[in-house]
Every structure is written in structure tokens, then in C-alpha cells.
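*Asks:* Quick note, the sequences are listed as chains A and B, same order. Take the first sequence: its letter number 473 is residue 473 in the working numbering, and every next letter is one higher. Take the second sequence: its letter number 13 is residue 13 in the working numbering, and every next letter is one higher.
Be aware that one or more of the hints could be misleading.
[As the list claims (entries may be wrong)] Pair by pair, the computed Cβ-Cβ distance ranges are:
(1) D265/B to G136/A: 53 to 59 Å
(2) D49/A to D265/B: 57 to 63 Å
(3) K352/A to K87/B: 34 to 40 Å
(4) P304/A to F43/B: 47 to 53 Å
(5) D386/A to L292/B: 16 to 22 Å
(6) S38/A to N297/B: 18 to 24 Å
(7) N297/B to I336/A: 58 to 64 Å
(8) S38/A to R275/B: 37 to 43 Å
(9) K82/A to D345/B: 25 to 31 Å
(10) N269/B to M356/A: 43 to 49 Å
(11) G136/A to L292/B: 35 to 41 Å
(12) F240/A to M274/B: 39 to 45 Å
[To be verified] Here are the computed lysine-lysine pairs in the DSS-like style, where the Cα-Cα straight-line distance is at most 27 Å:
(13) K87/B to K376/A
(14) K233/A to K317/B
(15) K331/A to K170/B
(16) K352/A to K93/B
(17) K170/B to K315/B
(18) K373/A to K353/B
(19) K267/B to K348/B
(20) K128/B to K216/B
(21) K341/B to K317/B
(22) K422/B to K486/B
(23) K233/A to K71/B
(24) K87/B to K373/A
(25) K8/A to K471/A
(26) K87/B to K341/A
(27) K233/A to K170/B
(28) K277/B to K267/B
(29) K233/A to K87/B
(30) K376/A to K93/B
(31) K484/B to K325/A
(32) K42/B to K325/A
(33) K322/B to K277/B
(34) K143/B to K341/A
(35) K233/A to K315/B
(36) K382/A to K110/B
(37) K376/A to K110/B
(38) K382/A to K87/B
(39) K19/A to K56/A
(40) K325/A to K93/B
Keep in mind the hints are simulated off the structure, nothing from the lab. Since the structure is predicted, the reported quantities are computational estimates derived from the model, not experimental observations. Quick reminder that beta carbons are idealized off the backbone N, C-alpha and C, glycines included.
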Amino acid sequence: MSEINNLKLCDLVDKIKNKKLSSKEITEAFINRSKKSSKLNSYITDNFDNALNRAKEFDEKPDFNKKIPGIPLAVKDLFCTKNLRTTAGSKILENFIPTYESTVTQNIIDHGGIIIGKLNCDEFAMGSSNETSNYGNVQNPISENLVPGGSSGGSSAALAAKLTPATIGTDTGGSIRQPASFTGTVGLKPTYGSCSRYGIVAFASSLDQAGPMTHDVKDCALLLEVMSSFDTKDSTSVEFTRGNYLNDLNENIKGKKIGIPKEYKVDGMPKEIEDLWEKGIKIIKDNGGDVIDISLPNTNYALPTYYIVAPAEASSNLARYDGVKYGFRSKGENLIDMYEKTRSEGFGDEVKRRIMIGTYVLSSGYYDAYYLKAQKVRRLIKNDFDEAYKKVDAILTPSTPSSAFKIGEKLNDPVSMYLNDIFTVPINLAGLPAISIPAGHDNNGFPLGLQIIGKAFDEQNILNIAYSIEKNIGYKNHINDWWIK
Amino acid sequence: MSDQNKEYLILRDDKEYEVIIGLEVHAQVLSESKLFSSSPTKFGSEPNTQVSLVDAAFPGMLPVINEFCIKQAIKTGIGLNAKINNKSIFDRKNYFYADLPQGYQISQYKNPIVGEGSVTLDMPDGEKMIGIERLHLEQDAGKSIHDIDPQNTLVDLNRSGVALMEIVSKPDLRSLDEVNAYIKKLRSIMRYLGTCDGNMQEGSLRADVNVSVRKKGETELGTRCEIKNVNSIKFMQMAIDYEANRQVDILEEGGSIDQETRLFDTKKNETRSMRTKEDAHDYRYFPDPDLLPLELNDDFINEIKKEIPELPDEKKKRFIEKFNLSPYEANILVSDIETSKYFEDVSKNSDVKLATNWITGELFALLNNKSIEITESPITSENLAKLINLIKDGTISGKIAKTVFEIMADSGKDPKKIVEEKGLKQQSDPKELEKIIDKVISDNPKNVEAYKSGKDKLFGFFVGQVMKQSNGKANPQLVNEILKKKLN
Numbered sequence: 001m002s003e004i005n006n007l008k009l010c011d012l013v014d015k016i017k018n019k020k021l022s023s024k025e026i027t028e029a030f031i032n033r034s035k036k037s038s039k040l041n042s043y044i045t046d047n048f049d050n051a052l053n054r055a056k057e058f059d060e061k062p063d064f065n066k067k068i069p070g071i072p073l074a075v076k077d078l079f080c081t082k083n084l085r086t087t088a089g090s091k092i093l094e095n096f097i098p099t100y101e102s103t104v105t106q107n108i109i110d111h112g113g114i115i116i117g118k119l120n121c122d123e124f125a126m127g128s129s130n131e132t133s134n135y136g137n138v139q140n141p142i143s144e145n146l147v148p149g150g151s152s153g154g155s156s157a158a159l160a161a162k163l164t165p166a167t168i169g170t171d172t173g174g175s176i177r178q179p180a181s182f183t184g185t186v187g188l189k190p191t192y193g194s195c196s197r198y199g200i201v202a203f204a205s206s207l208d209q210a211g212p213m214t215h216d217v218k219d220c221a222l223l224l225e226v227m228s229s230f231d232t233k234d235s236t237s238v239e240f241t242r243g244n245y246l247n248d249l250n251e252n253i254k255g256k257k258i259g260i261p262k263e264y265k266v267d268g269m270p271k272e273i274e275d276l277w278e279k280g281i282k283i284i285k286d287n288g289g290d291v292i293d294i295s296l297p298n299t300n301y302a303l304p305t306y307y308i309v310a311p312a313e314a315s316s317n318l319a320r321y322d323g324v325k326y327g328f329r330s331k332g333e334n335l336i337d338m339y340e341k342t343r344s345e346g347f348g349d350e351v352k353r354r355i356m357i358g359t360y361v362l363s364s365g366y367y368d369a370y371y372l373k374a375q376k377v378r379r380l381i382k383n384d385f386d387e388a389y390k391k392v393d394a395i396l397t398p399s400t401p402s403s404a405f406k407i408g409e410k411l412n413d414p415v416s417m418y419l420n421d422i423f424t425v426p427i428n429l430a431g432l433p434a435i436s437i438p439a440g441h442d443n444n445g446f447p448l449g450l451q452i453i454g455k456a457f458d459e460q461n462i463l464n465i466a467y468s469i470e471k472n473i474g475y476k477n478h479i480n481d482w483w484i485k
Numbered sequence: 001m002s003d004q005n006k007e008y009l010i011l012r013d014d015k016e017y018e019v020i021i022g023l024e025v026h027a028q029v030l031s032e033s034k035l036f037s038s039s040p041t042k043f044g045s046e047p048n049t050q051v052s053l054v055d056a057a058f059p060g061m062l063p064v065i066n067e068f069c070i071k072q073a074i075k076t077g078i079g080l081n082a083k084i085n086n087k088s089i090f091d092r093k094n095y096f097y098a099d100l101p102q103g104y105q106i107s108q109y110k111n112p113i114v115g116e117g118s119v120t121l122d123m124p125d126g127e128k129m130i131g132i133e134r135l136h137l138e139q140d141a142g143k144s145i146h147d148i149d150p151q152n153t154l155v156d157l158n159r160s161g162v163a164l165m166e167i168v169s170k171p172d173l174r175s176l177d178e179v180n181a182y183i184k185k186l187r188s189i190m191r192y193l194g195t196c197d198g199n200m201q202e203g204s205l206r207a208d209v210n211v212s213v214r215k216k217g218e219t220e221l222g223t224r225c226e227i228k229n230v231n232s233i234k235f236m237q238m239a240i241d242y243e244a245n246r247q248v249d250i251l252e253e254g255g256s257i258d259q260e261t262r263l264f265d266t267k268k269n270e271t272r273s274m275r276t277k278e279d280a281h282d283y284r285y286f287p288d289p290d291l292l293p294l295e296l297n298d299d300f301i302n303e304i305k306k307e308i309p310e311l312p313d314e315k316k317k318r319f320i321e322k323f324n325l326s327p328y329e330a331n332i333l334v335s336d337i338e339t340s341k342y343f344e345d346v347s348k349n350s351d352v353k354l355a356t357n358w359i360t361g362e363l364f365a366l367l368n369n370k371s372i373e374i375t376e377s378p379i380t381s382e383n384l385a386k387l388i389n390l391i392k393d394g395t396i397s398g399k400i401a402k403t404v405f406e407i408m409a410d411s412g413k414d415p416k417k418i419v420e421e422k423g424l425k426q427q428s429d430p431k432e433l434e435k436i437i438d439k440v441i442s443d444n445p446k447n448v449e450a451y452k453s454g455k456d457k458l459f460g461f462f463v464g465q466v467m468k469q470s471n472g473k474a475n476p477q478l479v480n481e482i483l484k485k486k487l488n
């Protein structure tokens, strides 16, 4: 591995600004390592040649005022990228080349970033292990045959394996934070409305948010600054003063009130996760923060609520993939036959499962009992957080109920797979920001993460708390390049 | 189709059935761009040239509400004397069809932008109020074309995403004439407001028709059938008449009506079952998570109220009071906004009574013959006013005016110029007229004798001769006076 690959995003920005490294050198280093890492299967589509040209162009006419000048980044394949294939991990979009750029990737490009490829993910971001991708499993660089989490599994793997200095994912129920937790990296889901959804292949519109995935909190603050913008092309985008997250990063958490929700102490939680949580609490106390026990009484209903709301929206969002306009089409005897064959062959099992759940819960006669009730419970879950935030500034929980599991282990047990999202889902339902940071290892040496949940639009606060914990917790990722011969 | 002043009833032996009609009118919002995208809405463009990524439902594309369309819907609501809702919600109506790119139509289901209102119809036996249930905004679908390619269906998405207002009436309509009056009134109001061009040929105004029947005197509503997508008043009337008779026949045979959706076959003049209640689509409506609820504060609504022009009902009242028109005349003149504008332009600069007569008489006949709109009239309001003034000040006679009008219709010329060029100016010089009259008298000695011996009717003969000699230009009033003097 080149030394360049070991550099974090902020370091690379410094090196490039100080002219210690060129964009071409950096881009080449990440491309070369990516090429050697095909065993991880983290890329669906690469953009290496094009990216190298971009890097050369940057070096010829550098603009060092940009936030990530000449920095190569691979991104989750859920972001539409102009002239670069975008599959959403699905067969149904296997040949889809957008003529447009998502707002978030456009922001990256506008700030000087160079897209080097599209990273694997669960099909339409539906999954927690990257096993539902039409383009195959992704290996977790931590250990062979370990899932990298999902749905942003290609992103977490590529980041942890240092194939990209940072990356972006999307998080509908934990799809950034859980894979970050499984790979010993940092992942932040911003407040709903912070990052534009324009040009992101939709899964569940009221829950989807794009966010940064990085090696540390500083990088995360920088990349969030790059990504987040008000966008009139997304009606749910919120106009608020976006912070100078990196510049205002501050490890002083003295006097900060941090809530510990009792409902997150679930039965059967592994001891190592409980210990990890205790470790986090101790660090906060040692640094002058106040730890306060709180209750989020409707937490138990979050997962069932999520598995009604998200599939309902998905069943409708995915109706456009019908073989008529773009993407995969199977031949049929007539229109209905064409629809059935196209969608049967074009979608994988998990996607079909969720379309069916979603169609069911929206059906006449079931709507009130499922969808409408779920919306009401969603409101209660949000109220829980509102109540809690009258007493505390942020909330600390584990990111996941377990560490990464083996490939195939949960594939045939959807409910057990869904349980993975138990700590992350409530945050999406409430539209709040949350960050997962690596905090320790389990007995197998697999990473474990802690989650800090903030008030709406209070990203700076959770970044600061995460920064403080990161400085004190002394986490190091153990990666031995097992996949490179 | 039905006798104007008679009740519309279906008769079977000694039984009378009343027909209950409700209309769901789909009116295309007059707007440069679509409801949720900036694509243009021009009618008749090449297929698939007015389609954005949003209209074609590309991955990751999101709808953004067009504020102008919202204002248009509010204006229309105000024109329908309806309640404007401070909060309304856009829902997704889910179904698969080749010309529905999203796989759902964005519409408003439980919470429409406009609530209850009413429309007043002027029927021969007086005014009738028709209740409005609601008005909501929705996207139009694209168009499937089945008859170009024998193997494939082609899809044109130009219309996909165009804003429609669905205006739902209460089941208050009772006759084909009321349906006619209702559609025309809605069209008139929307054209006054500039919210819909009302062009039925281009599909800007279409309707789903709900029909049920019941024995006269009953108060419960019968089971209704919905006839989908009828695009002219004539077809609506034909469809209703067929459907009402079909339902009565079933009831007469002891059967019962199945609630269903039907299609009107314009070639066979019959309605046919499209789907029964059992196979009705389950549209799985739910609030569109890509759009926030539409919240309108009172200030916003009040600002729009200020922009509302004088509407047909008020204008009619004003015309009656100010111009002394009969309600019948006023109705004719206000029903189309362009006609009312034309009338006001003409009457502003000329005699109101003559203006009324010329517009409702000669001008309407001309427009009718040429099948053109008043805005396309070769005779401008300015020129018609000039013509009327030429009559009024005695420059030309009413008869000559008709000749001038015809020339104006062909040439679009200024009537003053026509009168000058063709020498049509009325002969009003008594001395000149006397010369002609003297000649007529001396040329017809026998008739003079006959007249003097009591054949009074011959007076007309002399007038005719004078007019002929003067090429129709003689001032008829003066001719009368002088002739009488000379002959008596």
C-alpha cells in the first residue's frame, strides 16, 4: 500500500494545498489499490480512466480554494452520475447511464472532488449486509467472508480498505451508520432535509438521507460541509444556515448533557456492546459532560413502524421501473405480461418482498390498520425525542446490537436481518442527525460503533461529541490486506 | 335533444323516471409549464418534445410544485364561490400503465385545495344553483397511441405531468340542458379567470359523468354508473341519455343497477361496461412523501382575491343595470369573456342598443358562418363602433350599413373608407332628392294618377324607385317626407 492510501481526507487536502502531492498522484494511488482489491467486490462500475484525466486537468489548472481540491472519491451506486452507469445494485438498472448528476455528487465535483467509481450496495438500498446486490456480495476488509454491513456496504468496505479516502452513502434506516460500525469507520446520517435527495435513486422518500463516511470525525465534518446544501429541486430540502462543521469542530463537551435511553438496553445484548456503551459514558463523564438517564418509550415500535412506512413508500417509488422507458425490459406477450416478466426478472427477492409488504399495507381495507397507524406511531417516536431533548443535548447509544456477521448467516432470515437496524431506525423515523463512530472491538476483533444522536440540524453538536470521544477512546482499525495476494 | 322548458324525464308506460347527474370535469390549467416540472405545455407539439426527466420519471427525479398552477386553482376556486383550504395534501394514486411513467399519478385525495362551492345556471325557467363538491389538482398522464405501429403501442409523454383541475359537482344536475349550461358556465368562469382555455377539441376540458335514475318523487339516490372521459357536451348528452334509458330498462325488467365504470362509444352511441365495482382498481392512495403538505395562509389567498376580475354573473348584472339590456341579451353578451370585451369596446364609443343588435345579429352570424372566434373577427370592435356611428349620424342608412358590413367582413377595412371609396354616403340633400323624386313622378304618370285616386299602397313603389335611382343611397326618411309632400 502506498503511503498516500493511509492518508485521511483532511491530510490529503493539506498535502495537495501545500503542493506536496498532486491530484494525479493521489488519484493514481487510490485507483491502483482499488484495482488490486477486486476481491472485495466493492465497485460496481469504475471511472478510473476518466478520473485520471480529471486529476491531470486539475493539476494543470489547480484551484486550491476548493474544499476537496483534486481529491478522488468513490461513491455509492445509488447516486445518479452523469454519463456514468448507475445501477442502484439492481439488474433492472444494469444498463442505465444517467444524463444528469445528483445534487450531492455535483456538490462534490463543484468542491473539487473527482468521482473514481460507483460502489456496491444492497439492491435499491434494501438490506443490511450488501448481500441483496445484483452485483454480488462485498467482503468486509476486516475479515474474510464477513459482511461489510449495508446497504452502503461497498462504501464502507472501500473506505475501510482505503480504496477511497472518504465516501458517501445513503441512510434510510441505518445504511450509513451500520456499515460504518461494521468496518470501524465513521458514518453520519444528517438531519432529513440537509442533503438534497435530487438524483438519488429513491428507496423511501421520507426517510432517505445521504451522508458522509470517513476515517475520522474531522473528515466527516469536512465532507458534510461539501455535501450539504439547500436545493430547490428537492421540495423536502430545508433552508437553514449550514455550519462550518470542520472549522467549528470542538472537543470540549464540558457541561453537555448526554442522554442514555433505557429502552436501548435490549434483552440479549452482547456484553461487549454493553461494555462499549459504558466506556463511552465514562469518557463523556471524564470530559465534563453530564450523563442523564432518559426514556424513549416508543422505541420498541420503531422497527415495525419502519417496516411499514419504508416498504409502503418503496412499493410506489419502484413502480417506475416497468421496462417502458429505460433500464431492463423483458419481452412480453402484452403490456401486463411485459411488466410481470420485467419486474420478476429485474428485481431481486428482498426488493420484491418489500414491494409486496408495501403494496399490502397501502391496500384498501389495510391502510388504516397499517400505514395510517404506522404514521401515528412515527409521530409518537418523534415526540419521544422532542421530550428527551428538553432535558439533554444529545443521546448516546450503541450503533448496532451486534458486530458484523458472516456472509450468508442471516440471508434466509429476514427478521433477524431487520433486527440489525433496531438502534438506527428510530432516528430516521424522527428525521434526526446521528453519527456512528468506531469505539472498540468484540472478541473476534470485529469493530463496534457508538451512535450519537442529535437534535434536528444540530450536526455540529454531535460532531463535537464524536470528536471528543474519538480523541479519548483510542480506536484503531486492524486491517491486514488479506484480500491482496 | 329535450324540450327546453319541459322536465327531463324518462317515460315508461305511466311511470316517470328522474335522471340524476353529477360531473367530474377535468380542466387543464392554463399554464406555461407543468404541475411539477418546468416543461412547456404547448398543445400539438411533436411527440415527446415537451418532456423533462421529472415527467418521464427518471430515477432520483423529484416533483417541485409550480406555484402558478396553485394560484390558478385558487382563482378557480374563488370563481366557484368555494372554500379555499389552508392546508391540502398531494397524494399518490398508484397504478401501472404505459403512459404513466411514475407508476402513480400525483393527485389530491382526502384533502383537496378547494372545498365546497356553487355555480349558478341561467335556465329558461330561472336560475338554478349547482353545488360544487371540491376542486383538486392532479397530473395528467401521457398518451398511448395504438394505431401507428401494428405491433407496438407508442407513448407520447408531452401531456405527462400537465396540471389538471378536477372539479367535482354534487349530483344536482337533472337534465341534458342543465349539463350543457353547467359545462358552458364552468368554461365561461374559467376563461374569465384565465385559468383554463376551455378548448374541448384539444382536450383541455373533459368530464367523467355520473348517472343514476329514480322514480319521480323518490328521495333516495339510485346506484350510479360512471361514464369515463367524455370530451364534448354533445357526447355527454348522448351518453347520459343512452345510459339513463339503459338503467330504466333494467329497473323496468325488475333488475338492479350494478355500480360500474362505463365507456361511451361515440360511433355506436352506447355506453359499455369497462370495469365493475369488484374489479375496481385499488389505487393505494397515500400522501406523496416527495412533497410537503401545501399550506396557504390567508394573506396569500387574499392577494389572489384582489386579482379576480369581474365574473360573468356580476358582469351580467352590471350590463342589465348600466346598459338597460334584457337578461337574455346580457346573458348572451357575458357568456364568453371575449364577446363581453368586444361588446364593451364597441358600446363605449357608440350606441349601446345598436351595438347589442349588431353584435348578437350580424356579427354572430358572420362568426358562425366562418366558424371563427370573436377574437379572430375581421371586423374589429373599433370598426364596428365606427359603422354604428355612421348609422347613428345619418351618414349611411341601416340597409347600406349591411352592405358596408359585408365589405368589412371580407376586407377588414375601416367603414368610413369603404363608404367614401364606394360612394355609399347617404343622399340627404333635399334639393338633390327633389330632383330624383321629380323625375320618378314624371316618369310614372299612370301610377301617380292611381295613387291619387286612392291606391295608397303605391307609395312604396315610389320610395323603391327613388332608392333605385339613388343607388340605395337616398336618406329614406327624407324621401318619405318629400314624396308625401309632392304626391299629396
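*Asks:* Take the hints in turn and mark each one as holding or not.
*Replies:* We went through each hint and held it up to the structure:
no.: 1; hint: D265/B to G136/A: 53 to 59 Å; result: holds, 54 Å
no.: 2; hint: D49/A to D265/B: 57 to 63 Å; result: holds, 60 Å
no.: 3; hint: K352/A to K87/B: 34 to 40 Å; result: holds, 36 Å
no.: 4; hint: P304/A to F43/B: 47 to 53 Å; result: holds, 49 Å
no.: 5; hint: D386/A to L292/B: 16 to 22 Å; result: holds, 19 Å
no.: 6; hint: S38/A to N297/B: 18 to 24 Å; result: violated, 58 Å
no.: 7; hint: N297/B to I336/A: 58 to 64 Å; result: violated, 46 Å
no.: 8; hint: S38/A to R275/B: 37 to 43 Å; result: violated, 53 Å
no.: 9; hint: K82/A to D345/B: 25 to 31 Å; result: violated, 54 Å
no.: 10; hint: N269/B to M356/A: 43 to 49 Å; result: holds, 44 Å
no.: 11; hint: G136/A to L292/B: 35 to 41 Å; result: holds, 39 Å
no.: 12; hint: F240/A to M274/B: 39 to 45 Å; result: violated, 50 Å
no.: 13; hint: K87/B to K376/A; result: holds, 19 Å
no.: 14; hint: K233/A to K317/B; result: violated, 47 Å
no.: 15; hint: K331/A to K170/B; result: violated, 46 Å
no.: 16; hint: K352/A to K93/B; result: holds, 20 Å
no.: 17; hint: K170/B to K315/B; result: holds, 26 Å
no.: 18; hint: K373/A to K353/B; result: violated, 67 Å
no.: 19; hint: K267/B to K348/B; result: violated, 48 Å
no.: 20; hint: K128/B to K216/B; result: holds, 19 Å
no.: 21; hint: K341/B to K317/B; result: holds, 15 Å
no.: 22; hint: K422/B to K486/B; result: violated, 30 Å
no.: 23; hint: K233/A to K71/B; result: holds, 20 Å
no.: 24; hint: K87/B to K373/A; result: holds, 21 Å
no.: 25; hint: K8/A to K471/A; result: holds, 16 Å
no.: 26; hint: K87/B to K341/A; result: violated, 41 Å
no.: 27; hint: K233/A to K170/B; result: violated, 38 Å
no.: 28; hint: K277/B to K267/B; result: holds, 26 Å
no.: 29; hint: K233/A to K87/B; result: holds, 22 Å
no.: 30; hint: K376/A to K93/B; result: holds, 21 Å
no.: 31; hint: K484/B to K325/A; result: violated, 87 Å
no.: 32; hint: K42/B to K325/A; result: holds, 22 Å
no.: 33; hint: K322/B to K277/B; result: violated, 54 Å
no.: 34; hint: K143/B to K341/A; result: holds, 23 Å
no.: 35; hint: K233/A to K315/B; result: violated, 42 Å
no.: 36; hint: K382/A to K110/B; result: holds, 24 Å
no.: 37; hint: K376/A to K110/B; result: holds, 17 Å
no.: 38; hint: K382/A to K87/B; result: holds, 22 Å
no.: 39; hint: K19/A to K56/A; result: holds, 14 Å
no.: 40; hint: K325/A to K93/B; result: holds, 20 Å
In the structure shown, a violation is registered for the earlier hints numbered 6, 7, 8, 9, 12, 14, 15, 18, 19, 22, 26, 27, 31, 33, 35, in ascending order.
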